[in-house]
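**Q** Using the sequences and the accompanying hints, generate a full structural model.
Its first residue numbered 1, the sequence shown is counted upward by one per residue in the working numbering.
Among the hints, erroneous ones may be present.
Straight line, CA to CA, 30 Å or less: simulated DSSO-like cross-link-like pairs of lysine-lysine [stated by the list, open to error]:
hint	residue 1	residue 2
1	Lys53	Lys11
2	Lys30	Lys5
3	Lys11	Lys30
4	Lys9	Lys30
5	Lys9	Lys32
6	Lys11	Lys44
7	Lys62	Lys30
8	Lys62	Lys44
9	Lys16	Lys30
10	Lys44	Lys32
11	Lys44	Lys30
12	Lys30	Lys53
13	Lys16	Lys32
14	Lys62	Lys32
15	Lys62	Lys16
16	Lys9	Lys53
17	Lys16	Lys5
18	Lys32	Lys53
19	Lys44	Lys16
I should point out that these hints are in silico values taken from the structure, not numbers from a laboratory.
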Amino acid sequence: FGAVKRHIKYKHTGEKPFTCSICQMNFTEKCKLNQHTRTHTGEKPFQCDICLKGFGQSFQLKVHMYNHHEGK
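**A** Below, the structure is given as structure tokens:
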């Protein structure tokens, strides 16, 4: 039931309580703020095990694996 409340609060009221301290951009979820913050810090916690290239978001690594390492 908590997830429904959060959904209503953020998606239907427009409330964005999580603010980037660097650029003041606002987000509905803390995890989205954390992803965004990596664009400022350059942190790349998701690393390819094959070529060691780093990525800021997990989906970027998945796309990389599919495109460059035949989905391994």
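**Q** Tell me the numbers of any earlier hints that the structure contravenes, in ascending order.
**A** Violated hints: 1 and 16; rest satisfied.
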